[in-house]
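> Start from chain D and add chain R according to the hints.
Listed below, chain by chain, are the residues.
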Amino acid sequence: MKPAVFEYVSPTSVDEAVTALSTTDDIGDVKVLAGGQSLVPLLSLRLAQPGRIVDINGIENLSEITEEAGVVTIGALVRQAVAGRSDVVRRSIPLMAAAIPLIGHGAIRNRGTVGGSIAHADPAAELPTVAACLDAELVAQGPGGERSIRAADFFTGFFTTALSEDEILTAVRIRAAGPGTGAAYEEVARRHGDFAMAGVAAQVRLDGDTVAEARIAISGVDLAPVRASKAEAALAGRTIDDAVLDEAADATVADLSPSSDLHGSAAYRKHIAGVLIRKAVRTAAARARETL
Amino acid sequence: MAGGSAISGLVGARVHRKEDRTILTGTGRYVDDVQARGMLHAHFLRSTVAHGRITSIDVDEARKVEGVVRVFTGADMSAITEDLSFAQPIPGLHSPSYPAIAHDVVRFVGEPVALIIAESRYIAEDAAGLIEIDYDILDPIMSTTAGLADGATELFGDVPGNVVHTDEQLFGDIEAAFSQADHVVEQSLDQHRWACNPMETRGGVATYETGSGQLVYEASTQTTHTLRFLLAGWIRQPIHQFRVTANNIGGGFGLKFSAYREDVAVCAAAKAVGGAVKWVEDRNEHLVAAGAAREEQLTLQAAVKADGTLLGLRVTMKLDAGAYPINPPATVYAGLVRTTLPGPYKLPAYHFQHHIVATNKASYISLRGPWAVETLVRERLMDKIAETCGISPVEVRTRNLITLDDQPTKMITNVTLENVTAAETFQKLVEMVDLDEVRRQQEAARAEGRLLGFGVGTFIEPAPGTQEFWAAVGFPFGSEPCRIRIEIDGKVTAFTPQTPHGQSHETTLSQLIADELGVGFDDIRIVYGDTDATPFSMLGTGGSRAATMASGAAVYGARELRKRVLEIASHMLEASVEDLQIADGVVSVKGAPGASVPMGQIAMGCWLAPDQMPPGTNTEMEFVADYDGEGGGFSQASHACWVEVDQQTGKIEVQRFLVVEDCGKMINPAVVEGQVIGGIAMGVGGMLLEHSAYAEDGQYLTATFMDYLMPSAPELPEIEIEHMEFETDKVVGSRGVGEGGTVLAPAALLNAIDDALAQVGRPRITETPITPTRMLELLGVIEKE
Numbered sequence: 001m002k003p004a005v006f007e008y009v010s011p012t013s014v015d016e017a018v019t020a021l022s023t024t025d026d027i028g029d030v031k032v033l034a035g036g037q038s039l040v041p042l043l044s045l046r047l048a049q050p051g052r053i054v055d056i057n058g059i060e061n062l063s064e065i066t067e068e069a070g071v072v073t074i075g076a077l078v079r080q081a082v083a084g085r086s087d088v089v090r091r092s093i094p095l096m097a098a099a100i101p102l103i104g105h106g107a108i109r110n111r112g113t114v115g116g117s118i119a120h121a122d123p124a125a126e127l128p129t130v131a132a133c134l135d136a137e138l139v140a141q142g143p144g145g146e147r148s149i150r151a152a153d154f155f156t157g158f159f160t161t162a163l164s165e166d167e168i169l170t171a172v173r174i175r176a177a178g179p180g181t182g183a184a185y186e187e188v189a190r191r192h193g194d195f196a197m198a199g200v201a202a203q204v205r206l207d208g209d210t211v212a213e214a215r216i217a218i219s220g221v222d223l224a225p226v227r228a229s230k231a232e233a234a235l236a237g238r239t240i241d242d243a244v245l246d247e248a249a250d251a252t253v254a255d256l257s258p259s260s261d262l263h264g265s266a267a268y269r270k271h272i273a274g275v276l277i278r279k280a281v282r283t284a285a286a287r288a289r290e291t292l
Numbered sequence: 001m002a003g004g005s006a007i008s009g010l011v012g013a014r015v016h017r018k019e020d021r022t023i024l025t026g027t028g029r030y031v032d033d034v035q036a037r038g039m040l041h042a043h044f045l046r047s048t049v050a051h052g053r054i055t056s057i058d059v060d061e062a063r064k065v066e067g068v069v070r071v072f073t074g075a076d077m078s079a080i081t082e083d084l085s086f087a088q089p090i091p092g093l094h095s096p097s098y099p100a101i102a103h104d105v106v107r108f109v110g111e112p113v114a115l116i117i118a119e120s121r122y123i124a125e126d127a128a129g130l131i132e133i134d135y136d137i138l139d140p141i142m143s144t145t146a147g148l149a150d151g152a153t154e155l156f157g158d159v160p161g162n163v164v165h166t167d168e169q170l171f172g173d174i175e176a177a178f179s180q181a182d183h184v185v186e187q188s189l190d191q192h193r194w195a196c197n198p199m200e201t202r203g204g205v206a207t208y209e210t211g212s213g214q215l216v217y218e219a220s221t222q223t224t225h226t227l228r229f230l231l232a233g234w235i236r237q238p239i240h241q242f243r244v245t246a247n248n249i250g251g252g253f254g255l256k257f258s259a260y261r262e263d264v265a266v267c268a269a270a271k272a273v274g275g276a277v278k279w280v281e282d283r284n285e286h287l288v289a290a291g292a293a294r295e296e297q298l299t300l301q302a303a304v305k306a307d308g309t310l311l312g313l314r315v316t317m318k319l320d321a322g323a324y325p326i327n328p329p330a331t332v333y334a335g336l337v338r339t340t341l342p343g344p345y346k347l348p349a350y351h352f353q354h355h356i357v358a359t360n361k362a363s364y365i366s367l368r369g370p371w372a373v374e375t376l377v378r379e380r381l382m383d384k385i386a387e388t389c390g391i392s393p394v395e396v397r398t399r400n401l402i403t404l405d406d407q408p409t410k411m412i413t414n415v416t417l418e419n420v421t422a423a424e425t426f427q428k429l430v431e432m433v434d435l436d437e438v439r440r441q442q443e444a445a446r447a448e449g450r451l452l453g454f455g456v457g458t459f460i461e462p463a464p465g466t467q468e469f470w471a472a473v474g475f476p477f478g479s480e481p482c483r484i485r486i487e488i489d490g491k492v493t494a495f496t497p498q499t500p501h502g503q504s505h506e507t508t509l510s511q512l513i514a515d516e517l518g519v520g521f522d523d524i525r526i527v528y529g530d531t532d533a534t535p536f537s538m539l540g541t542g543g544s545r546a547a548t549m550a551s552g553a554a555v556y557g558a559r560e561l562r563k564r565v566l567e568i569a570s571h572m573l574e575a576s577v578e579d580l581q582i583a584d585g586v587v588s589v590k591g592a593p594g595a596s597v598p599m600g601q602i603a604m605g606c607w608l609a610p611d612q613m614p615p616g617t618n619t620e621m622e623f624v625a626d627y628d629g630e631g632g633g634f635s636q637a638s639h640a641c642w643v644e645v646d647q648q649t650g651k652i653e654v655q656r657f658l659v660v661e662d663c664g665k666m667i668n669p670a671v672v673e674g675q676v677i678g679g680i681a682m683g684v685g686g687m688l689l690e691h692s693a694y695a696e697d698g699q700y701l702t703a704t705f706m707d708y709l710m711p712s713a714p715e716l717p718e719i720e721i722e723h724m725e726f727e728t729d730k731v732v733g734s735r736g737v738g739e740g741g742t743v744l745a746p747a748a749l750l751n752a753i754d755d756a757l758a759q760v761g762r763p764r765i766t767e768t769p770i771t772p773t774r775m776l777e778l779l780g781v782i783e784k785e
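Taken in sequence, the protein lines are chains D and R.
For the first sequence, position 214 matches number 214 in the working numbering, and the numbering has no gaps at all.
For the second sequence, position 677 matches number 677 in the working numbering, and the numbering has no gaps at all.
Every clue listed holds true.
To spell it out: a stretch of chain D is covered by chain R in this simulated footprint if at least three of its residues, at any positions, have a beta carbon under 8 Å from a beta carbon of chain R; those stretches are: (1) 1-8; (2) 38-48; (3) 188-200; (4) 252-265.
Calculated from the structure, these hints are not laboratory results.
Being a predicted model, the structure only gives us computed values, none of them experimental.
Backbone N, C-alpha and C define an ideal beta-carbon position, used for all residues, glycine too.
So that you can see chain D by itself, here it is in the shape it has in the complex (with noise of 0.2 Å):
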């Protein structure tokens, strides 16, 4: 378990990251290194043998949160621990407030990132399945300058993104949650802490006692994060009582197929889905009451 020879390079800005990225010179793989809790492990089982590290830490400006004209930006760097704690992330994407508790254990969050769990993609953890649930626009920067991409077309497959390889992930922008709003990350794993065998991120708006719109994406189903669109359709227009949470659930989970691994079959994955789906929608709902 001891990692293969890399060269290692810590740019201090973005551009000198992008240039690292992009000037390989048949080094082979190159790999960005954030909050490293995903990354090293694999480095040191050889799954990854990249043959150049750029190690992103030493650039400013990537550790931000900030909030303008209903936009939450969150730099790339930012460590999950700091987001959980920050207010405008409290106040703003309180569905990623909600989540962060449970990625894995405080060391982890402490040294992980926002931007690093997005790009790494892996489709139980939780800050993928946020974005994915809140429409998030990831910023990318490369050789040709920034681009945004949507969630919707980021998470590509199995710990793939859009992100092309000279490309790296500089932050993460979400649309403030507005009053009315409410958020709840369910998710079911084997230990506190473990990445979950599902999970499910739910934010509902309302307006008076019905939904003005809810939003609702699922992690450890498919090779991506999976958006609930059947069961958000279910619920908009409607106000939230056991049959609609069923129909909205069922809905849903009759379209999951997921694969069975040592730690959960198939057939207990979609069943948790559905069983997330309501719990989450019902304590989503519960908190946007609380802000009326």
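Then chain R, alone, in the frame of chain D:
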């Protein structure tokens, strides 16, 4: 002095552990802390196939890597070592010998196929990536059923039908028992593989001194003397030129009782390169290759009377031994299960049959109470008998348990039970739990849609066991030595063959010696883990023997030296021995504190000028005691477990866990509690989380801690412990307590889950681990795949 003197009163007190200062300040010396000048690093390349014939191996590119010192193929290694053989003269045992590094056939994913010695572990792993091996793939045997099937591929030429050993033994009139039965109660359990996973993995540093020809192996082991004895022959090292040492050891749980092929290869490599070679197994290697335990399938049939009285028991066990035998032979596990299974219950007739089967997996190893499945299946059977007979789990046990009044008596397996208080611990447990209230709470919970379960169990633990017990098992019950020396200044050094790796022997043996000799706790040092220094024993630390055996050796050794000191002091102080006392290292006349002589003065005289000491006295200030265990005995405990089952997610929460244990006289209650709590955590983790899993093609599925799930604090409740200290008339009334938590907790836990399932009309558990998926399948919420 029966029952032990207590001048300083340390025995029985919660004395702070001597070990903690070193361990908690990070100043211990584990294998990976060893740094020697010019030390080289070993890395094993391991098989990626479960069963295959090596058709070619090319190490040329690996040898060219800068910093690589030597690459050993299997053939290279076999040229300088003997095959490992754990064969013993046991009738019917097929124990194939095997090379340190495979050169012909590989039989599990993770089997060593090459060894790289390099200037760093990084370089060694780089080189490993350049080795090319071709295999002809053979059919993998991945279960006992597959191994026993007609025409199954045989793993070894000398293990016909993959049957390592099979035997059946009959005790009493089993036919009569079943013909008299009102009910025949059947039960089966298919237990999964789970593993030891000590915090410190396997490993060692072998240092060969080319001038003297001496080899020193500093290893993470539970048995320095056995390791030396076994390795010497295999690595062709004269045993007098071979020293095995162990310093701090980060846990063993039974795994480190055996010698392994990696030990052979590392020691042989050090000899071949003429220097120091370090190997520390990384966690990935450990999970894949170190071996795992507990994979057994049992079926039981009990003949019972209408009132729940046990008449007879038929048991069949299949044990998945993995590919390669280790120490002890698998027959010992079968013997332990067979001998212990009747437990503290009256059982008039018993038939036990076992099949030990070779499969394409890492070795079946010892794990904290290697016989534990006997308690698991018996205690679950008792609950099923209760259900069948319409009585409570408490009643069925009370009706069948052997009480103190019944003893001495013989188990049906020919083991005499004496001073066994399992029934008394169970009675105490029942007194501490309001069973009616438990049922009321369950009803109230069900009304709210919640599901609570409650389970109990009881057992005996052969810690240390008796001569009869170990004879029935087929394993030696050796006596235990301890060498104690009063140093020239009156301080004390004691040498034990125990190799403590979490059991606190430095503390407990110091407590005992301090009380016996009247010297300060801090004026005693316990020396362990050095074959040059400690007395010989084949057993080291294991089987929870030390509480009785090592304690006894220390007490008897200290008493002999105390006698010598007092006789000398008696002359010097002109007082009779009976009138003398020793406190804080000073011998004085009782009631006349002025008349005293420091033990250091006596010791100095004995060491420097024995001729001038009082005539007729024994001036040897060093003594080797050998303790026979005074017949040995058993520990016992009863557990109660409360669970809540989430019917939506299948998650099981252990809400409360109560232990009533009796290990006799506690030397240090804090140490006892640490063992009990850790043992229960391991037992609960084993049932709910830990799984050493293989795919059908023999690939290993749980090669990191992301997939092999160890229990952590949030998964466990506070463990409540009630101690009973049944005292016998033996000098050493302390019994082992290291394994009991792990042995009994699974039974109480599964009984609690079964109780929950029964409340909603669902069937019992027949397979482990109890994952959330399995739980929802049992609850009928989802279909089984």
